[in-house]
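Peer 1: Given only the sequences and the hints, what does the whole structure look like? Please build it.
In the order they appear, the protein sequences are chains A and B. If you count the first sequence from 1, you need to add 19 to reach this note's numbering. If you count the second sequence from 1, you need to add 97 to reach this note's numbering.
Everything labelled a hint here was simulated from the structure, so no lab data went into it.
Partial selection, computed: residues in chain B whose CB lies under 10 Å from chain A:
id, residue
1, E176
2, S177
3, L322
4, E347
5, V403
Here a beta-carbon is modelled for each residue, glycine too, at the ideal position from N, C-alpha and C.
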Amino acid sequence: MALLEVNHLDVRFALRLGEVHALRDVNFTLERGERLGIVGESGAGKSVAAFSLLNLIAKPGFIAGGEVRFDGQQLNSMSERALRKVRGNRISMIFQDPMMTLNPVLSIGEQMLECLKAHRRISSKEARAIALDKLYQVQIPSPETRLDQYPHELSGGMRQRIIIAIALLLDPDIIIADEPTTALDVTIQAEIMALLLELCEKHNVGLILITHDLGVVSQVTQRMLVMYAGRVIEQGPTREIINDPQHPYTQGLINALPQMATPGEKLNQIRGSMPSLSNLPSGCAFHPRCDFINRADGQPRPACTQQVPGFVESGNCQVACHMVAELIDKEATDEARLKETNP
Amino acid sequence: MNAQAEAMTDNRIPTQNEESAESLLQIRGLKKRFSLSGDFLDQLRFKGGKLVRHQEYVHAINGVNLDIHRGEALCVVGESGCGKSTVARIVMGLISPTEGEISYNGERIDNLNSRALLAYRKRMQMIFQNPYASLNPRMTIQQTLEEPLRLHHPDWDRQKVVTKVEEVMHSVGIDPDWGKRFGHEFSGGQRQRIAIARALAVDPEFIVADEPISALDVSIQAQVLNLLMEAQHERNLTYLFITHDLAVVEHFGTRVAVMYLGTVCEIANTATLFAKPRHPYTQALMSAIPRLEDDRPQHVRLEGEVPTPVNLPSGCVFHGRCPYANARCREEIPLLQTQDDGTRVACHAVEEGRL
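Peer 2: So, in structure tokens, the structure goes:
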């Protein structure tokens, strides 16, 4: 059984103008020590997906259906009290902006010790030793002095290292990192990602990495999910998706990267923009922007505009697209016909 | 340090005579300090029983020389705090330089008063990073786009202004019927299109774009970048493009200037720079780009972090983090020197052939 299992997760926000469906039917699993990337543009629901794992969705949002199973326990129906034993302890989070995550009026040491003492019965001395060890692991120079410093005395990269140290404090099974390097410079980003990768591998910690940067995902994760307008539209091994994306949206995203075009030539853009969640197009949410809704005979495929696509298996990947499903069907019938004609 | 910076200026002008003819904008010996110490009274301190005046500065730009050629897209890259946005703002005349000269078409523009600058403002326009902040929330799109036209063409009648606005809205892919709406009704990508339309409305020849696509989503970034490139082809624009995203630079730039801590450390043609980065900082920056191809990050690790621009390091500003630094790097400021393929690098190690 997988360490973390998300089944048919459905998250809604009850707004004054009506309910907004932020996540629809999201399914994925995470094995122990596995690194999973969740990719999508802003508004795709990737952060909501991460937050709902720990039931951190704030009102007016709520989990309307589905379940999150972690190590045999159902997290979304757990009491707050029980959930607190999981949060920060067995599943910890790293957020985007390191300045917002650290408390500005507490020293680094106090924040680290606070976290340790909330979950374990240990003396301050022991806690301090653990904190120092973690700071040492994230390669912070002179960790002893850092413990007594305040967040504003440190640079952005240093703060993000501290956050990683705090996330590692209680030896969690899973770290959820929500755009951990977006606020940082490229060279610092590369260092932080390398560090996170190294630590996850060394301690066999699972990682759920949420990002919009396909380059980061391709370097760090083993499997990835691509989200669009609240749904997962493609999932599978990262290498396979990056090298051979099946869904037209994933293809569009990858082809839109400047490195995929010849310098000076026009970039391959996806037309239009992400629809608002309160006003989704019928059928496949991507169809108004999709170049493949027409069939081979030039007629639009009616399924695309009327029916939400289900997942089809394509290699090791799962893709939610009518066009891909049709192609696979066609291949299967061709093969069957071939067998019939020359048995 | 002053003398050395002057030497830098002197050394450059004679060797670069081929540039001055075709360059649209010239930046010479540019320096900018920002005071940290506040008013005169805030600067007074007691020290050893005496009242002394204590002043502290952020040295944002320390001697930058750049030429922007007509029709090119010069990209300036660097990490936050390297002074790239300050260069853009000084060029546009939004802040005044502490030292140095900016010439546009051979005429000095950094010392002009606002009335004299108005003529240049029409020829050079700016696109800002955050389209959520750069559009006035209380103006409709029509008003936003009419404003620059009314300012720069006071003699135009209403019909002419409206026609022009319609034309620029078309050219950036915004439906002219949306003119009655306000900025908040649009998505980030559309807002950035409107900001570009505003810049194009007065038919400028030079555009300064300060991180114009950093706040946008990946699929929208491609749209806006295509729009900027189309506008360049159609209108023969010259760009000064400020960004931290090297992947965008590789695609968009004609030439690239890499900045570190207020100095330019390397200028080269885009293809040359990406094929053969010379400066150790450029090499580190290049290796940090997350690429789709490699499985494992193979980046050059730099020691430590960017030093504070309040107390600049002596010698080469990069020496504290440079794996090739020696005694000369710690004392002498390296000057930009032209290599055989036209790349200009400010590095002692490159000059001595140690690298």
